[in-house]
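Enquirer: Given next are the chains, with one letter for each unit.
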Amino acid sequence: MSHQMSSITATSLLEQLVSSGKVGVGELPKLSESIKEDQQDGELPLYLRILVGIGAAISSFCFIGFLSVAKIVSFSSEGDLIGVGFMLIAAALAVALLAREKEHNLKHSFLMQSSFCLMGMGKILFTMGVAMLFKPDEMRGALVATLLLTVGTYHVYRMSIDRFLSSSAVALTLFLNVMFEKELGLMHGNVVNLILILMLVFAGFLFTNPRVKRAYLPLAYALSTSLSLIVLFLPFYFSSVHTVSRELQRSIGAGGFSLMPLTVALCLGLVFLMAHVGGGWKRLLQQPLSIAVVGVILLGTVSAPGILLALALMILGYGRHERLLWTLGLLLMPAFIWFYYYTLELTLLEKSGVLVGSGCVLLLGRLYLTVRGYAEEPVS
Amino acid sequence: MDILSKQPLSLESVIADRRLVDRLAAEGLISAEVRTQAMELIYPAKSWGLWASRLLLLLGVALILAGVIYFFAFNWQQITPAQKFIGIQLSILACLLGSYCYGIQQRLSGKVLLLCASVLVGVFLAVFGQVYQTGADAYTLFLTWSLLILAWVLFSEFAALWVVWLGVTNTFLVLYWNQYLLPEKDVEILIFPLLALFNGLFLGLREFYDLRGANWLSARWTRVLLVLTILVCALPPAFLLIDAPTRATTSVVSGSLVTLIVHLVLYNFYRFKVCDLWSQAAIYLSICILSVTAFHKVFRNIFGSESLTLLLLGFVTLGMFTVAVVSLRKQSKN
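Chains as they are written, first to last, in our numbering: chain A, 1 to 380; chain B, 381 to 714.
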């Protein structure tokens, strides 16, 4: 399906607009300049980011192991951890600065890899140190540390993998703090839902607002990925909730809490997304889109938030040409479907009926698109 | 800019997307009318319809197949075995007939129906074992399944169906090795190089037909999936050899030889014959992981000190991954 994504280049788009007379030749330099400026926050290819990330992770663990075994840093002293962590972060920034003016050669790459490795080590040690300061509430300390580090380095250290990992750490520690907060009582479910909805809204804003710079894409990806992970594992956690402490069980209830507010928010988000990619709210009145809106609302009433989230990621990924987002949605969809039906309290026979019924509804949707001529399948 | 990427930007390398157009409109550089036209150029309404329709088809079929599997797993006693068999067989026939009508090689609907038929054959065999309690080893089910669907897999020209077939056949090979051949302790590791070679054969075929212009094989994911499978299968004997070279059996040594050959062949092919950076990245990653393991062993033997080993290993890892990244970047520029 992905090959259906258009791959028209900026040059080709501008040429077509000029040849149609909608854009004057004189406007081209200004348009080109604006596009180039926006692309300055472009990304390395994904395969390189993966390679850089794995390399830096392995070497970070080696160096942290060295610091621990050689007893250069005492892992039981918060002062040591914070101090060394801070120094490593400063060193990472200095190395990045040193590499800045160099040509792109072996030396430059080595310096950049080293810088990323130092940054990773520094952030891990600093977070461990601050977490220890907050004992016995280490999780809160981890949130404070990751938040400080992310805010402090996001604009100074412009490496997308670092931005993504740091932002993901903030989102996940925030969630864990709220999830395992024992004092929330009856409000527990509402607060967790609120946090998840805020993450959803913020990610949606970053992805869909044209004024948001590309530099914030790693943050948007971090929020989407964290949200996906949370929604994926929450049902599992709820199914084993009886194994957690009594205080927490009292707070979140024996079978967990409802994620209905998040489901409603995801439904609304999907409708917004359809209006966004469809070209405006008025387009929702057109027949195929209005039927899709009804479909989304129906899906929201019978389905789980994970399925809606995967659908949203796929639509957003396709609409924005973000293959990574699209693939994330595609990979998550079967996992969400499986978890959803796995956790449904129905017999296998009833589940099979629900599954076949849902499948038939989707095929009816396809039939509608085909009959109305919206989806003419190309013959190869 | 990402501080790792420092190259002059050309508009030719920028893909026009919704964000780009929206940004130009938000800055007042293009009018609402131009924005609408640009959107139509980038996202023709037809492509959205087609995308949605394919998504609905794939999800719908996946749900129905999952439902069918759940249904037979429930083993409803009110349905007689004969009714079960007839039900599945009729479904297989319906899928095949539907596939034939839509066109096996022409339309996605036809191909997906063929995929359904293939999965249903597996369901049929499972129900057969459930009803008759044959007591046969599981490998016979996968062998029969693989053989029964092979004919239409060959003619389908559908990569997803090939993936299903390879999954079934790989499972058969593993089960056959463990349940029928019952290898001795010192040769049981040989299953990994065998799987690497088996999947390598299909990667070779994929490349051969791709170079001859078989469009249905041109999607990059088919190549990357096979390369990753081969590399994962090729690694275990080499890890064993590195871990205990003095205790290595003949099968570990020969398995490691296969690991070496696999890496050399894949690297040469994807570096010089067909330049594929994703595959090369996977090969580099595999080589780096093997090398880090080997260096860890060597440093420990030479220095004996864990701290010095870890320190040196950190630098060596940085060095190796840097070389890999620089090499890939050079090629991507070329």
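Since the hints were made in silico from the structure, they are not lab data.
Note that CB positions come from ideal geometry on N, CA and C, so glycine has one too.
Do not rely on the hints blindly, as some may be mistaken.
[Said to hold, decoys possible] Listed below are the simulated DSSO-like cross-link pairs for lysine-lysine, each with C-alpha atoms no more than 30 Å apart in a straight line:
#1 653/B <-> 71/A
#2 213/A <-> 677/B
#3 282/A <-> 213/A
#4 182/A <-> 22/A
#5 107/A <-> 464/B
#6 107/A <-> 710/B
#7 30/A <-> 713/B
#8 22/A <-> 282/A
#9 565/B <-> 107/A
#10 713/B <-> 653/B
#11 653/B <-> 565/B
#12 36/A <-> 182/A
#13 36/A <-> 565/B
#14 107/A <-> 713/B
#15 565/B <-> 677/B
#16 213/A <-> 30/A
#17 565/B <-> 213/A
#18 71/A <-> 135/A
#19 22/A <-> 36/A
#20 135/A <-> 182/A
#21 36/A <-> 107/A
#22 36/A <-> 710/B
[Claimed, not checked] Far from chain B by the CB rule (all over 10 Å, computed), these chain A residues:
#23 47
#24 91
#25 132
#26 297
Enquirer: Evaluate each hint against the coordinates.
Expert: Against the structure, the hints come out as follows:
1. 653/B <-> 71/A: violated (50 Å)
2. 213/A <-> 677/B: violated (46 Å)
3. 282/A <-> 213/A: Holds, at roughly 27 Å.
4. 182/A <-> 22/A: Not OK: residue 182/A and residue 22/A at ~61 Å, beyond 30 Å, violated.
5. 107/A <-> 464/B: violated (67 Å)
6. 107/A <-> 710/B: holds (14 Å)
7. 30/A <-> 713/B: Measuring from Cα to Cα gives roughly 27 Å; hence the hint holds.
8. 22/A <-> 282/A: OK: residue 22/A and residue 282/A at ~24 Å, within 30 Å.
9. 565/B <-> 107/A: violated (47 Å)
10. 713/B <-> 653/B: holds (17 Å)
11. 653/B <-> 565/B: violated (39 Å)
12. 36/A <-> 182/A: Measuring from Cα to Cα gives roughly 50 Å; hence the hint is violated.
13. 36/A <-> 565/B: violated (61 Å)
14. 107/A <-> 713/B: OK: residue 107/A and residue 713/B at ~18 Å, within 30 Å.
15. 565/B <-> 677/B: holds (24 Å)
16. 213/A <-> 30/A: OK: residue 213/A and residue 30/A at ~18 Å, within 30 Å.
17. 565/B <-> 213/A: Distance of about 58 Å is beyond 30 Å: violated.
18. 71/A <-> 135/A: holds (23 Å)
19. 22/A <-> 36/A: Holds, at roughly 21 Å.
20. 135/A <-> 182/A: Holds: residue 135/A and residue 182/A sit about 16 Å apart, inside 30 Å.
21. 36/A <-> 107/A: holds (27 Å)
22. 36/A <-> 710/B: Holds: residue 36/A and residue 710/B sit about 23 Å apart, inside 30 Å.
23. 47: For residue 47/A, whose nearest Cβ neighbour in chain B is about 4 Å away, the distance does not exceed 10 Å, so it is violated.
24. 91: holds (14 Å)
25. 132: holds (23 Å)
26. 297: At roughly 17 Å from the nearest Cβ of chain B, residue 297/A sits farther out than 10 Å, so the non-interface label holds.
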